[in-house]
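Protein chains in written order, with this note's numbering: chain A, 1 to 262; chain B, 263 to 491.
The set of hints was computed from the structure by calculation and includes no laboratory data.
Since we're looking at a predicted model, the values are computed, not measured.
Beta carbons: idealized from backbone N, C-alpha and C, even for Gly.
Watch out, some of these pointers could steer you wrong.
[As the list claims (entries may be wrong)] So the derived label-pair ranges between C-beta atoms look like this: (1) B:282 x A:9: 30 to 36 Å; (2) A:118 x B:418: 52 to 58 Å; (3) A:31 x B:282: 47 to 53 Å; (4) A:152 x B:283: 26 to 32 Å; (5) A:69 x B:374: 56 to 62 Å; (6) B:283 x A:224: 21 to 27 Å; (7) A:208 x B:282: 34 to 40 Å.
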Amino acid sequence: MLKSLFHSQVALGLAQAAIAALLALLVVFLARRRNIHLESDAAIALVRGIVQIVIMGSLLVLLLKAPRWSSVFLLAGMIIAAGSISAKRAKNVPGAQKVSTYSIAAGAGLVTAVMTWAGVIDTAITSLIPVGSMIIANAMNTNGLALNRFRSEVLAHSGEIETALALGAAPEKTIASYTEASIHSSLIPAIDNLRSLGIVWIPGLMTGMLISGADPLYSAIYQFVVIAMILASSGLTSLLSTTMIRAYVFSPAEQLLLKESA
Amino acid sequence: MNGDAAPVVLRTEHLGRRVGDVWIVNDISLDVRHCELLGVVGASGSGKSSFLRLLNRLDEPTSGTVYLGDQDYRQIPPPTLRQRVGMVTQRPFLFPGDIASNLRFGPTQRGETLPDSEIASLLERVGLPGFAARNVANLSGGEQQRVSLARSLANRPEILLLDEPTSALDEQAKVGIEELIRKLVSEHCLTFVLVSHDRDQARRLCDRVAFIEAGKLIRVGTPEEVLSA
Chain A
1 MLKSLFHSQV ALGLAQAAIA ALLALLVVFL ARRRNIHLES DAAIALVRGI
51 VQIVIMGSLL VLLLKAPRWS SVFLLAGMII AAGSISAKRA KNVPGAQKVS
101 TYSIAAGAGL VTAVMTWAGV IDTAITSLIP VGSMIIANAM NTNGLALNRF
151 RSEVLAHSGE IETALALGAA PEKTIASYTE ASIHSSLIPA IDNLRSLGIV
201 WIPGLMTGML ISGADPLYSA IYQFVVIAMI LASSGLTSLL STTMIRAYVF
251 SPAEQLLLKE SA
Chain B
263 MNGDAAPVVL RTEHLGRRVG DVWIVNDISL DVRHCELLGV VGASGSGKSS
313 FLRLLNRLDE PTSGTVYLGD QDYRQIPPPT LRQRVGMVTQ RPFLFPGDIA
363 SNLRFGPTQR GETLPDSEIA SLLERVGLPG FAARNVANLS GGEQQRVSLA
413 RSLANRPEIL LLDEPTSALD EQAKVGIEEL IRKLVSEHCL TFVLVSHDRD
463 QARRLCDRVA FIEAGKLIRV GTPEEVLSA
């Protein structure tokens with residue numbers, strides 16, 4: 001229906017975006033009726049999402065003509081932004097910003113670098129940026145989930161943790177089970193994505209490759225490669241962030257710093 | 263009971279802790295003597311539990327320090343300090359599993375194995391003979407608090423801090439725990455610092471009492487001197 005109304009692709013895209021946003025806002029409205037207030041979070045996320053992706057699209061047009069090494073700076077910028085967004089899921093956790101940025105940089109950066117070096121990811125900007133951004137975005141989500149769960153676990157079990165400290169246990173021992181639970185739960189989406197690949201969902205990358213005329217079998221295998229890379233970078237990010245955050249949750253005198261009042 | 267001649271095992275010197283702009287513990291200097299049961303009483307929010315948490319360095323003092331014997335406790339590694347100054351909290355926070363594994367927890371942190379005979383002896387002392395294999399999920403509130411006491415005792419502390427250990431218990435369990443504490447002081451010569459909001463309990467149990475108000479030490483002396491004032 002929309003295609004007959006809009007002849008320019010940009011106008012058509014904006015109309016499609018408006019309908020999709022309207023649908024999302026309808027869900028927000030339904031949630032509000034159940035006293036779940038997502039209005040401001042959802043509105044900000046929708047506006048940010050459209051503005052950011054349009055800026056990125058415009059940047060890509062410019063970057064197509066830029067030298068290949070310039071993609072490193074763009075990916076680095078993405079990592080910094082991802083660290084900042086992800087850290088917000090760990091409200092009041094000391095050091096969350098630094099830990100998130102370093103963990104995503106190490107997790108997503110290392111996997112992207114190794115896979116690019118091995119030739120799995122092409123160094124062309126049109127390949128490195130989209131694939132790299134997928135890896136970073138998923139590392140960001142995993143990190144947010146891990147730190148959010150870690151925060152909840154520590155706050156819910158501060159009594160048990162301090163009891164163990166009072167009995168002479170080392171800080172890392174007192175939170176070992178909560179760290180494990182955080183890593184495990186943060187990786188559920190990445191593992192489920194891999195499990196359901198081709199059955200429940202056919203990701204956009206594969207669809208794009210098919211549209212652009214790539215061999216269907218290669219497209220399918222490459223999609224698996226990307227999802228497996230996402231699992232690797234997410235796992236590494238989660239392991240690193242939950243390990244690094246320990247140094248901020250306890251003082252040098254082995255006192256628990258993350259408490260309900262913090 | 264202990265006279266002034268008993269050696270001082272723990273001493274706080276101008277101990278204070280500030281949270282935001284408020285001094286929740288304010289310039290407290292106090293001695294704890296060998297083999298005594300010192301009560302710390304005060305109204306809810308007076309800072310008595312905050313004071314207790316400074317004694318095993320679960321929180322960091324903003325001012326002053328604590329001496330364990332002659333040694334500034336900041337020079338003692340925290341796990342060693344907390345082994346020497348044990349703590350029992352209002353809620354027992356037992357670890358999932360059986361009682362024996364709870365009792366082994368502390369010694370295991372130092373690489374020691376608590377023999378079965380010692381577990382049996384500890385459980386005997388706290389009035390739970392033969393309970394070693396019981397799962398902690400099946401214990402009453404009073405039994406849980408006894409296990410918590412035994413778990414702290416398994417670390418062989420020089421001083422045991424008790425933070426309102428009976429406030430979550432029914433009357434019968436409370437009397438049982440009080441008798442147990444008294445027995446541990448008289449028969450085993452353990453040193454206790456007991457925080458309680460219950461003045462009658464302090465009168466019944468303590469050799470000396472320190473009264474705290476708005477984070478400050480107001481009086482310290484015998485229960486009659488302090489609680490009748």
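Taking the hints in turn, this is what the structure says about them:
For the hinted restraint 30 to 36 Å between residue 282 of chain B and residue 9 of chain A, the CB-CB distance of approximately 57 Å leaves it violated. Under the hint 52 to 58 Å, the C-beta atoms of residue 118 of chain A and residue 418 of chain B, about 57 Å apart, fit the expected range. Between residue 31 of chain A and residue 282 of chain B the beta carbon distance is about 36 Å. The supplied range of 47 to 53 Å is therefore violated. The hinted range of 26 to 32 Å is satisfied by residue 152 of chain A and residue 283 of chain B, whose Cβ atoms lie roughly 29 Å apart.
Against the hinted window of 56 to 62 Å, the Cβ-Cβ separation of residue 69 of chain A and residue 374 of chain B comes to about 58 Å, which satisfies the hint. Distance hint check for residue 283 of chain B and residue 224 of chain A: the Cβ-Cβ separation is about 58 Å, which falls outside the suggested range of 21 to 27 Å. Between residue 208 of chain A and residue 282 of chain B the beta carbon distance is about 54 Å. The supplied range of 34 to 40 Å is therefore violated.
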